[in-house]
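Novice: Construct the entire structure; sequences and hints are all you get.
What follows is the residue order along each chain.
There are 2 protein chains.
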Amino acid sequence: MCDASQVVLGLDFGTESVRALLVDVSGNELGSAVVPFAHGQIVDRLPNCDRSLPPAYALQHPSDWIEAAAKATVLAIRSAKIEANAIVGIGVDFTSCTMLPTKADGTPLCLLSDFADEPLAWPKLWKHHGAQKQTDRINEVARARNESFLNRYGGAIGLEWFFPKMLETLECAPKVYQAADVWLEAGDWFVWQLVGGRAISLPRSTCQAGYKGMWNATDGYPSEAYLKAVNPKFASVVKDKMPGQLIPPGKTAGGLVPAMAKRFGLREGTSVSAAIIDAHAGVPGAGASAPGTLVMVMGTSSCHMLNSTKERNVPGVAGVVKDGILPGFYGYETGQAAVGDAFDWLRKMTGAVNLKQLSAEAAGIAPGSDGVLCVDWFNGCRTPLMDGKLRGAFAGLALHHRPAHLYRSLLEASALGLRWIIELLREGGVPVNKFIATGGLPHHNPLVVQVYADVLGESIMVHPSKHGPALGAAILGALASGVFSSPAAAIRAMSVPKPGTAELYKPNRKSRKVYNNLYADYRKLGDHLKSHR
Amino acid sequence: MCDASQVVLGLDFGTESVRALLVDVSGNELGSAVVPFAHGQIVDRLPNCDRSLPPAYALQHPSDWIEAAAKATVLAIRSAKIEANAIVGIGVDFTSCTMLPTKADGTPLCLLSDFADEPLAWPKLWKHHGAQKQTDRINEVARARNESFLNRYGGAIGLEWFFPKMLETLECAPKVYQAADVWLEAGDWFVWQLVGGRAISLPRSTCQAGYKGMWNATDGYPSEAYLKAVNPKFASVVKDKMPGQLIPPGKTAGGLVPAMAKRFGLREGTSVSAAIIDAHAGVPGAGASAPGTLVMVMGTSSCHMLNSTKERNVPGVAGVVKDGILPGFYGYETGQAAVGDAFDWLRKMTGAVNLKQLSAEAAGIAPGSDGVLCVDWFNGCRTPLMDGKLRGAFAGLALHHRPAHLYRSLLEASALGLRWIIELLREGGVPVNKFIATGGLPHHNPLVVQVYADVLGESIMVHPSKHGPALGAAILGALASGVFSSPAAAIRAMSVPKPGTAELYKPNRKSRKVYNNLYADYRKLGDHLKSHR
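Keeping their order, the protein sequence lines are chains A and B. Oh and the first sequence: position 332 is 332 in this note's numbering, straight run, nothing missing. Oh and the second sequence: position 354 is 887 in this note's numbering, straight run, nothing missing.
Don't read these hints as lab results, they were simulated from the structure. All values reported here derive from a predicted model rather than from experimental measurement. Virtual Cβ for every residue (Gly too), placed ideally from N, Cα, C. It cannot be assumed that every hint is accurate.
[Stated by the list, open to error] Here are the computed lysine-lysine pairs in the DSS-like style, where the Cα-Cα straight-line distance is at most 27 angstroms:
1. B:K1031 x B:K999
2. B:K855 x B:K784
3. A:K348 x B:K881
4. B:K1057 x A:K389
5. B:K636 x B:K660
6. A:K133 x B:K666
7. A:K524 x B:K636
8. B:K889 x A:K348
9. A:K530 x B:K636
10. B:K922 x A:K513
11. A:K513 x A:K524
[Unchecked claim] Far from chain B, by Cβ distances over 12 angstroms, these chain A residues were calculated:
12. P47
13. G316
14. R509
Specialist: Below, the structure is given as structure tokens:
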């Protein structure tokens, strides 16, 4: 059915860098390279410009994406020692909603001299939080009009999503908004650059559109009447500024154009899959093709993804999108806004040299952290409260507590936050029966996985790949190239762990009662923080 | 009226050391010395004995007090370059309730070979927390019987007080309790050693008895009927184990006996005042002779002392004692359990090198600490909740916060805690109209004083003496020796700051609204912590 000498390329775009991973169609990882973005996150001031940015801003440079991805691909091919001709497909996962305005030919507005010094002409990174006012209005109007899309998003549109970010520019930098012919996700823009074409046929991923663009296959995008009620000038934004063709991840968006083939050192015409959101790529990357498996993509923040045969609108669950992750299932997205980020913040806050030292001490503290209770909303609460303005807390503090007590309570808080999410899904009628952890965090922080297993009372498998999303992207590249007959077949061949390669963390049931009480306290303190923010 | 060549000695007993201060009767500080206690705080194991102590224990060695005080006095006389004959009076302030059991001749039980290895035969330091069970019962029975003394103590007897500590020994080490002829405060014991005499005439300070011994001039100590209800064997403890004569601070307890005169290098017969609690000595030491002046004695913990012409039972105020601080006034004691202690804890928690660095950064953060809210109960809440088991918290935390945000919010929390105390006093009908800060903290941490002034909306004077309690003790020594006709005269002459010597911190009223909102949030978070501890 497939030839193991066939190789696919997964490009995994993170917040600071891109990874290129080469995998053969039996799932052997042949080579890999990470290249940081030259401008990283743009949060202080614009490139080549003294204009400083407000604190809520987080931007990126579009040229970084192409340059870093090309360099990483060349390095990965070199490290894999393969011929570029062996590469039959390319998959792309990208942070989302990272988005930008372009001209009709795809040129980012920020690269035009007229707009180079206008912050809102630059790509907005997923974590850009400039659209609070707009988000509030988008939600108010939707609630007032009882828009049905709200149910698919747990009752609230997020501050980081596509329409709020567009509306921010319309209202705060109207000239930029007017000059833009196209607004699109960065992942779609990147794929568009690879496959060429014109604006009218630009590929838009159903994944990004479904989870961040308020789109679904039945209803399409929000109606003109709704958008007009939000802002009259916003009424025809979909028709005017969002051209393109919706394509599911794993379906081909086109073949590699000559200029890009040369730049990346790849064969012209190589199939390129429609993009997928980075966390969502973690699902095929973690070997999860069956419904009911929660894939925890754990990094600076965490996304917990689930395929299900059930369509249920669960209050607080950020998105349920048909075929959003894998064809044939309802894909659920939930998330926690600060995980590895929060651990690292606490490390800096306590002046600890590294997390290993804190972890070693924290492992010696009994469940419950000697009375210290944390609520992990240091970057807001994503699921289920969908409120970026919420903040975190530590309670139960006494003079004998040390940094390791704070750290352990933070790990416990993160696990308690996930417990809440799982209870919501189950209570909402969505079965969750298997747990796979992937992403960078589980590999270098075994304590957090054990605390999760103990707090959830569930076994957790850590997927052996250290590049789960990149592997998932590669699988989509293989699907786009037609190597496999179905996603399930591709996942079985490429990412279900070989026997003995995955670590399993079993729950210690002795701490069950402590964690049950702690969960009640966590929810109560959370309620207080929510009602007094 | 007085001869400025007359000198008085103030002995200020702290937790780790004793200070001897020599002052002339015009208030000029002539010399001073600090000598640490050889055994410090005994918290791990008993001296010359392998027996290790439970975590709640904190003991002291009675010989340390005499030896360190004698050495400090000799050193202070040397540094002052005066003749010992010039010293006309001695005042003593002491931590409280630090207390011990002795034989009828004053010999501490712990110095007898039969009891040297019994922890509860040793002096218990004020912070010894072994009597939780006993304290709970003492309060339950008092509430059930509606004992009137409860009203004088804000509704609750403290874990650190005299009767709980006696009862702990009765119930946990009955042989020690039986062998004790006398139980008394360490300050009283020290004065008794200086002036000699027999058990029946041993001097007991009305200050210690009033604030820590549930005594007042009208009702005396708690009744036999009440004590019997607490524990039948405790019924006659006052009659059997608490002989002595109650004397107010500033009145003479007697003259120095020859052996002690020799040991201290002082004149035989020198007048010795009855003892006073260390924080309470801060009131005369701070130049506060008028009613309505709050003297904030700020150190590892803080005591806020106030004289008033009004007798009001204010819920949560730890003690109101007639003549408890100065004759002629009702003395109010309130306190905060963790102040400098908490600052230092946070310094260690954040790995900061010193508080100066944190202070410099915190001073640059606007009032409200960018949304970080702290409740300062890291060692429980003294006034007004009188609950040592309460714990502290930080809320409103986000990933961009740094140690200086925590630190500033901690300073603000400390100030908000004091604001609560002042509101309680005023609402209870006790006027508070002037604010003097003394103790070690205000001199080396100007930021905390400014934050207090801003949060309270009141000017705060920092008293120039760096040895406020020792100066207060010296004033009591002068009163005992008969140099002055009244406490007010002594204070006017010796501790009211000379013009231009005291620093005044004026409130910045711009932050009034921020702090009003913050106070409401502080109270709400406190309510949550209280109801969910």
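Novice: What hints, given by number in increasing order, does this structure fail?
Specialist: Violated hints (numbers, rising): 6, 7, 9; every other hint is consistent with the structure.
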